[in-house]
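Number of protein chains: 2
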Amino acid sequence: MKSHKVEPRTLTGFMELLPDKQILFNQMKETIQKSYEKFGFLPLNTPIVEIADVLLAKAGGETEKQIYRFNKGAHELALRFDLTVPLAKYVAAHYGQLSFPFKRYQIGKVYRGERPQKGRFREFYQCDIDIIGDTELNCLYDAELPNVIYSTFLELGFSNFKIHINNRKILNGLFSSLTLSEQASNIMRIIDKIAKIGEEKVIEELSELDIPNDSISTIMKFISISGDNNEIINSLNKIGINDSLFIEGITELENVINCVRSFGIPENNFVIDLTIARGLDYYTGTVYETFLDDYPDIGSVCSGGRYDNLAEYYTDKKLPGVGISIGLTRLFYKLNELNAINFDKKSISDVLVISDSDNIIPCLPIATALRNANINTEIYMENKKINAKFKYADKLSIPFVVVVGRNEIETNTVSLKNMNTREQVQVDISEAINIIKS
Amino acid sequence: MKSHKVEPRTLTGFMELLPDKQILFNQMKETIQKSYEKFGFLPLNTPIVEIADVLLAKAGGETEKQIYRFNKGAHELALRFDLTVPLAKYVAAHYGQLSFPFKRYQIGKVYRGERPQKGRFREFYQCDIDIIGDTELNCLYDAELPNVIYSTFLELGFSNFKIHINNRKILNGLFSSLTLSEQASNIMRIIDKIAKIGEEKVIEELSELDIPNDSISTIMKFISISGDNNEIINSLNKIGINDSLFIEGITELENVINCVRSFGIPENNFVIDLTIARGLDYYTGTVYETFLDDYPDIGSVCSGGRYDNLAEYYTDKKLPGVGISIGLTRLFYKLNELNAINFDKKSISDVLVISDSDNIIPCLPIATALRNANINTEIYMENKKINAKFKYADKLSIPFVVVVGRNEIETNTVSLKNMNTREQVQVDISEAINIIKS
Chain H
10 MKSHKVEPRT LTGFMELLPD KQILFNQMKE TIQKSYEKFG FLPLNTPIVE
60 IADVLLAKAG GETEKQIYRF NKGAHELALR FDLTVPLAKY VAAHYGQLSF
110 PFKRYQIGKV YRGERPQKGR FREFYQCDID IIGDTELNCL YDAELPNVIY
160 STFLELGFSN FKIHINNRKI LNGLFSSLTL SEQASNIMRI IDKIAKIGEE
210 KVIEELSELD IPNDSISTIM KFISISGDNN EIINSLNKIG INDSLFIEGI
260 TELENVINCV RSFGIPENNF VIDLTIARGL DYYTGTVYET FLDDYPDIGS
310 VCSGGRYDNL AEYYTDKKLP GVGISIGLTR LFYKLNELNA INFDKKSISD
360 VLVISDSDNI IPCLPIATAL RNANINTEIY MENKKINAKF KYADKLSIPF
410 VVVVGRNEIE TNTVSLKNMN TREQVQVDIS EAINIIKS
Chain B
10 MKSHKVEPRT LTGFMELLPD KQILFNQMKE TIQKSYEKFG FLPLNTPIVE
60 IADVLLAKAG GETEKQIYRF NKGAHELALR FDLTVPLAKY VAAHYGQLSF
110 PFKRYQIGKV YRGERPQKGR FREFYQCDID IIGDTELNCL YDAELPNVIY
160 STFLELGFSN FKIHINNRKI LNGLFSSLTL SEQASNIMRI IDKIAKIGEE
210 KVIEELSELD IPNDSISTIM KFISISGDNN EIINSLNKIG INDSLFIEGI
260 TELENVINCV RSFGIPENNF VIDLTIARGL DYYTGTVYET FLDDYPDIGS
310 VCSGGRYDNL AEYYTDKKLP GVGISIGLTR LFYKLNELNA INFDKKSISD
360 VLVISDSDNI IPCLPIATAL RNANINTEIY MENKKINAKF KYADKLSIPF
410 VVVVGRNEIE TNTVSLKNMN TREQVQVDIS EAINIIKS
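These protein sequence lines are chains H and B, in that order. The numbering used here runs 9 ahead of the 1-based position in the first sequence. The numbering used here runs 9 ahead of the 1-based position in the second sequence.
Don't take each hint at face value.
Derived DEER-like restraints, expressed as beta-carbon distance ranges [claimed, not checked]:
#	chain 1	residue 1	chain 2	residue 2	range
1	B	Glu-145	H	Arg-431	28 to 34 Å
2	B	Lys-127	H	Val-436	34 to 40 Å
3	H	Arg-78	B	Ala-397	40 to 46 Å
4	B	Gly-105	H	Glu-276	36 to 42 Å
5	B	Ala-397	H	Asp-403	55 to 61 Å
6	B	Lys-404	H	Asp-237	57 to 63 Å
7	B	Ser-447	H	Asn-239	22 to 28 Å
8	H	Pro-374	B	Glu-145	24 to 30 Å
9	B	Glu-240	H	Arg-78	55 to 61 Å
10	B	Asn-351	H	Ser-235	57 to 63 Å
11	B	Ser-168	H	Val-436	45 to 51 Å
12	B	Lys-127	H	Ser-406	43 to 49 Å
None of these hints come from the bench; they were simulated from the model. Positions of the beta carbon are idealized from the N, C-alpha and C atoms, including for glycine.
The shape of chain H in the complex, shown without the other chains (with noise of 0.2 Å):
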């Protein structure tokens, strides 16, 4: 009886990979997990699927219409569609269990039913860390972040990146000293566009807007700022914009700036960028963004930033916090594709035993053995050509192939062939242990 078969497909924009390519995807979600727990964030694992009405307390507009939702039971449900939300729920909740300032980190899938299109995705891993003030939360914290960001990219193998450090507050007093609050996002648009558009043009459109000219004319000398890190902050305090919210946004920006120097970061890894401004409506302070110098293409890998109060739809108290995070689905899909991730393990075995024979038994207690000295060990045991188990062990990258024959077991030996250079070498256990180690 031959019966219907159903089509054994995936979703479009759910990322579903080959084992090689997962072992790649994993060494770099465990590299990010390590980096932020070596700065003592906490983990976080909140559910993937929350009351609706929890999860949309603040949404609406385009997210809410990207929003996986679904009644099920007395409820109507929805997928996160971030870490941020279930975040803000979490510590609303739990508030009075939590120690303060509260460092978490979670990574974990989001869900958003985007357009479907080559490198976007419907079901996506987030990085994310935010550190939790109860109140209030010391500016200082805003410097550990660019820290993190610098740790993590480092050890997932590049060197070759610069963090974006700017404070919303310069922008806010920039545009409230001018009475020109209303029209920042206006203006910002504009601005974004000087490296296509030119300068005369940015001006010539600031016009339409009907911003006087003395104002442009301040506009265009801000977003003239440039040189490094300390000539900027030296042109910030000399260009007479007398508010108080830009001198104090001048003064956080100069405090970050000088403990990311404290923490070692080379000067070269991190730069003063007067324009980003990252969500104009929730970012309040510090702002990040990160760039892969060798692939600019990409955009920002990691962004994040300073704002006021995280829970407001949850609770009366302030929470104040910092966060950033990463889009490891798109990252991994882009460095992928340019064939960018520099990892050296490409098989979870280090060594596959094999017998020359049909006779497996006496690859057992071997293969315990190296298990038993920490190394990743798989045997193979179907009654194949010799030929046949030593393509498994190419075919999975495995690095090392320890045969086991009548002549091994007779001398109390294994043979080792290294797959790469395709020497065999003829040793004892825990000889072959330790060339396999090293």
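Place chain B on chain H using the hints.
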């Protein structure tokens, strides 16, 4: 303006842990992952959301009622309810790109809308491993899984546990030889109650099924087989049931037991148990269940077995396999309730760096030095009294505090306090690193 607040609540049946418990949970999860990798299983990470008709190709009955399903875009979608169906889909879809035997692990969340009940979860982690053969799979692989179970529970800190092993062919052969195959599940249900209701009542209930007396007598003889593993095999060989499936089952069981011994698993960690059947329709050969001797009420903590054909709903290829699963969320919940999780690591940070004044800057390079030595390091940056800083370390169970003050800066040292012994020493940073690491 005081706005309306949404109550920050989490769905019933969805585990959300406080950080101290999450640290323990993650250690269990990572221990299981490392153990699976030590046996060379490849990582998989399939989507949580799948096309409903793909996921439900085989489902029906109770399972189907528990599924979370919903519409979004062009498809009816569903949340996965186990990791076996996604594996079947994956192997069928990527057949040509995989190496067989295909050994994979997957650790991930699955969803079942069960009636909420203490210790029952609707979102829970399964930790699965399976070995899939192409057309056939050597019976020796059945012996590898008890080895993985043994290794994993040892790493989880248990030594008193028993892996119960049986072979479904023995049961199936027994019932077939008595022409009772159709009543097998009813008979098994009665036999299962023997500890509760006693031998006589079992015989009585079997009689009520119109089973002939000599068949009942064979069944009773069969279930009374006892002794050590060798004695059970001997009794089976001598019981005089002349059925080819029955005899094949005994041979396979004997092979598996011999291989398990060759792997070096202690005799008191595995036992032949002729009464375990596990999912009568699914498993076709070796079956396993695992019980913690000290916590019998938890029930089986790891089960699985051999099946004939993984992906028959998706492909004509015959894909026999053998697998096991640990239901981590329930296991963690039960062990935590019994206070039976014994990991040494209670904190993420190994050390908290604090200043004895409001000058935090000198702490920053100290923290970097500690992190560069691979020590998880946190800095307390709020301006609080020094007691509040020590209290923070205590609440998070951080084992060491490094104090940086004027005196330490002048002498290029740090004060290192062991939070368990309350001893404090003033040493240079390299000495502090040595003490923390040892």
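Hint check:
At roughly 30 Å, the beta carbons of Glu-145/B and Arg-431/H sit within the given window of 28 to 34 Å. Here the CB-CB span from Lys-127/B to Val-436/H is close to 56 Å, at odds with the stated 34 to 40 Å. Our hint of 40 to 46 Å for Arg-78/H and Ala-397/B holds, since their Cβ atoms are close to 43 Å apart. Checked against the hint of 36 to 42 Å, the pair Gly-105/B and Glu-276/H fails, with Cβ atoms roughly 51 Å apart.
At roughly 59 Å, the beta carbons of Ala-397/B and Asp-403/H sit within the given window of 55 to 61 Å. Taking 57 to 63 Å as the suggested C-beta distance range, the pair Lys-404/B and Asp-237/H does not conform, at roughly 42 Å. The hinted window of 22 to 28 Å between Ser-447/B and Asn-239/H is violated, with their beta carbons roughly 42 Å apart. At roughly 26 Å, the beta-carbon separation of Pro-374/H and Glu-145/B lies within the given 24 to 30 Å, and the hint holds.
Distance hint for Glu-240/B and Arg-78/H: a CB-CB separation of about 60 Å, consistent with the stated range 55 to 61 Å. With their beta carbons about 59 Å apart, Asn-351/B and Ser-235/H fall inside the hinted range of 57 to 63 Å. Checked against the hint of 45 to 51 Å, the C-beta distance between Ser-168/B and Val-436/H comes to roughly 33 Å, which is inconsistent with it. A beta carbon spacing of about 47 Å between Lys-127/B and Ser-406/H agrees with the range 43 to 49 Å that was offered as a hint.
Against the hints set out earlier in the document, violations occur for numbers 2, 4, 6, 7, 11.
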